[in-house]
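A.B. asks: Model the placement of chain H on the given structure of chain R, informed by the hints.
One letter stands for each residue in the lines below.
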Amino acid sequence: DQQVKQNSPSLSVQEGRISILNCDYTNSMFDYFLWYKKYPAEGPTFLISISSIKDKNEDGRFTVFLNKSAKHLSLHIVPSQPGDSAVYFCAASGGSNYQLIWGAGTKLIIKP
Amino acid sequence: NAGVMQNPRHLVRRRGQEARLRCSPMKGHSHVYWYRQLPEEGLKFMVYLQKENIIDESGMPKERFSAEFPKEGPSILRIQQVVRGDSAAYFCASSPSARSEQYFGPGTRLTVT
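Residue numbers (the working numbering), protein chains in the order written: chain R, 1 to 112; chain H, 113 to 225.
Isolated chain R (complex conformation) (with noise of 0.2 Å):
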């Protein structure tokens, strides 16, 4: 049973423009949302969270969105550049998890 769930297996983005990352869950005890990016043979980097008090937080080109009655958050990415290409995981947690519960990842591609 897929808690978080990442349906674009990649995406691909003109650089300059705005990436949109979609990420939607299923546990509505989930309280707590992070985006990781992760390059291929390195571990995930931490990009920005959100608790489940907030709607929006924003670090730089970084947006995340949360709609808790949808039960979907999202990753803005403006303007995108060529060092955004990188697997984008969400990640949640919240309840008696402990653990974070991941997407299965959005690659995203910057094309120049």
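Think of the hints as simulated: they come from the structure by calculation, not from any bench. It should be emphasised that the depicted structure is a prediction, and the values quoted were computed from it without experimental measurement.
Below, computed lysine-lysine pairings styled on DSBU-like, alpha-carbon distance capped at 35 Å: (1) R/Lys71 <-> H/Lys174; (2) R/Lys111 <-> R/Lys56; (3) R/Lys5 <-> H/Lys139; (4) H/Lys183 <-> H/Lys139.
Using C-beta positions, here's what the derived DEER-type ranges look like: (5) H/Gly128 <-> R/Gln81: 46 to 54 Å; (6) R/Arg61 <-> H/Gly128: 45 to 53 Å; (7) R/Gln14 <-> H/Pro120: 38 to 46 Å; (8) H/Gln129 <-> R/Glu15: 45 to 53 Å; (9) H/Pro182 <-> R/Gln81: 41 to 49 Å; (10) H/Gln192 <-> R/Pro9: 33 to 41 Å; (11) R/Asn57 <-> H/Pro208: 16 to 24 Å; (12) H/Ile166 <-> R/Lys68: 28 to 36 Å; (13) R/Ser28 <-> H/Arg196: 34 to 42 Å; (14) R/Gln3 <-> H/Glu175: 20 to 28 Å; (15) R/Glu15 <-> H/Lys139: 35 to 43 Å.
Built from N, CA and C at the ideal position, the CB exists for glycine as well.
C.D. replies: Below, chain H without anything else, positioned relative to chain R:
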């Protein structure tokens, strides 16, 4: 401030041998998590440890796998009698407290031949 360290980065074992993976958390972090990533899949939680205690091992196979985080020294993930299906990337993460963001090491790529 060094990040999370994992060694070895690559480990090759024959079927039936033991694999020992080490993780040194970031300075000041007492919470350690182990994850496994199979090809084309996301990370799967294995075990969560605090110093000398296993807090949650719900993601770890009951047999052949064990983890520890002693008072002194790194956390160790131990896989006994490895099989081909154990081939994966194993990542360790640490955090300063439970439920805060986790910082990952570079991973250990285990190949079982």
